[in-house]
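K.L.:
Line by line, the protein sequences give chains A and B.
Position one of the first sequence corresponds to residue 1 (the numbering used here), numbered consecutively onward.
Position one of the second sequence corresponds to residue 1001 (the numbering used here), numbered consecutively onward.
Hints are computed from structural coordinates only; laboratory data are not their basis.
Using N, Cα and C, we set each Cβ at its ideal position, and we do this for glycine too.
Treat the hints with caution; some may be incorrect.
[What the hints assert, rightly or not] Derived coverage of chain A by chain B (criterion: at least 3 residues anywhere in the stretch with Cβ under 8 Å from a Cβ of chain B; other residues may be distant): (1) 50-60; (2) 94-106; (3) 111-118; (4) 136-147; (5) 151-165.
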Amino acid sequence: MKYRRIAMVAVMLVTAVLIQTVVLTRIPFPGATPDLVLLVALSIALVQGPTRGAIVCFSAGLLLDVVPPADGAVGRWALVLCLVGWFVGRASDAVEGSAGLPLLVVAGGVVASLVGYAAVGWLIGDARVTTSAVTGALPPAVLYDLLFSPFVVPVVMGLARKLEVTTTYARTVR
Amino acid sequence: MRDSRRTRGVLVVLVLVSLTLIALNGNSGPGRALRNGAGAVLGPVQRVAASAFRPIHSFFGGIGKNSQAQIDELQRQNDALRLAERASQYARCRAGELDALLHIAGLGQYPIKAAQVIAVGPRQGFAWTVEIDAGSIDGLAAGMTVINGDGLVGRVKTVSGSTSVVLLAIDPSFNVGARVEGTMEIAIAGGQGTDPMQVQMLSGQALLQPGDRMVTDTRAGSTFPGGIPIGTLLTVRGTVGSQARYATLQPFVNFTTIDLVGVILQHPRTDPRDTLLPPRPTAGAVPSSPACGSPSAASAAAGQPFPAPAPSPSATPGSVATPGPTRRPGSSPSAHTTASPTSSTGR
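Could you build all of it, start to finish, from the sequences and the hints given here?
P.N.:
Now the structure itself:
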């Protein structure tokens, strides 16, 4: 049952990456693109807790780092997202049963991830991370993510909870 | 709190793995291997997904490119007719793009491989890259030059079997040897993201003024074929005679709407010099006439006489006699020019 859960999470992440790279980035949103992968990974972390949250978000970050047309040092998204996923996962008990709190936590996670990614790029001396690039891309990216989150977060959290319930049930039956 | 020590242990391991990957850099070692693997596995999936979602893209592309009058007209029609109209609009637009690409490839004698953009890097990722649906099986290799009907798009960065990643000319890590139209003054042009490209002249004596146009140049150690239009100078800084002279450059290519591109498989035998530059714009007109612009813009571009190419023994009579870069498919001059790239591709 554990493998089924891992497979389901992998399918969700890969689907999100494909939709983000092939569909969302080709729609001319001004300024930036909605980070579907970020929303999906943080939503899963919010259900599965800090350990699995960190692993799921690390995997999502690694996918973002390597799936074309990604460029630059591999591991930047992975580093930022495993940290953010761990912190978001720690909030999983606190947001249980609330409708608004998960959105708030994911929003905080999205901002932390985008700022963190830019910061890591700046620290390793990426010439692309200029002030104008950051101030130009981050505000619209945060805006689109906040607009998308009410549609993405509850759905993904519901799916992740379903996985959790079935696996717990299987464990108790066995 | 669930099992806090184990949790922290996992986090520390993941952070260390990430840091190791970052330290090893994406352009070599395991990062490169991971990226090649992802390209090989997910590239074909992205290709299929891109063609499946093409109607969505054409929907948004159609909205952005329609004139208001056309939108009003379309709104009066029913849903099915409206969709059909958008689809044909898109097809016409793509035919126009292909026409412009073949025209520029034919004039420059570039053997090209036409390819379609299937994925774009997000802005918040800071890298200006796109993925195209042609790879090593199509004869592509890293470092090849990518153009479209308007001019220089970028260069191939990484190649997998059926897809490749193109580094766009506006990426801050992109540099190209360039020359001012009409003079032999050489310069290095580099990308600056959303800001205009930066140009550094190699000679302090270079005479420059805004509005001058630049093409690629093979001197200055450039790997790009010469003569590809890059853009128009916007501002010039520094006085004549100063050590370093800088200018900003507005590219001809609209990087937010690139769709159909051509990869130059082989350098032409001779530099086409300045013959590929678009006709001088009339007052008030945009320098780069978009292939999918309003009909009035297209006809204005077609009505302009093409600047007479420098007499060169290698230029085919057909390309010299071509009246202008008409972007309308089906008209006789374009049919005439499409003959030359076909012959040059066959070389």
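K.L.:
Which of the stated hints cannot be reconciled with the structure, identified by number in ascending sequence?
P.N.:
2, 5
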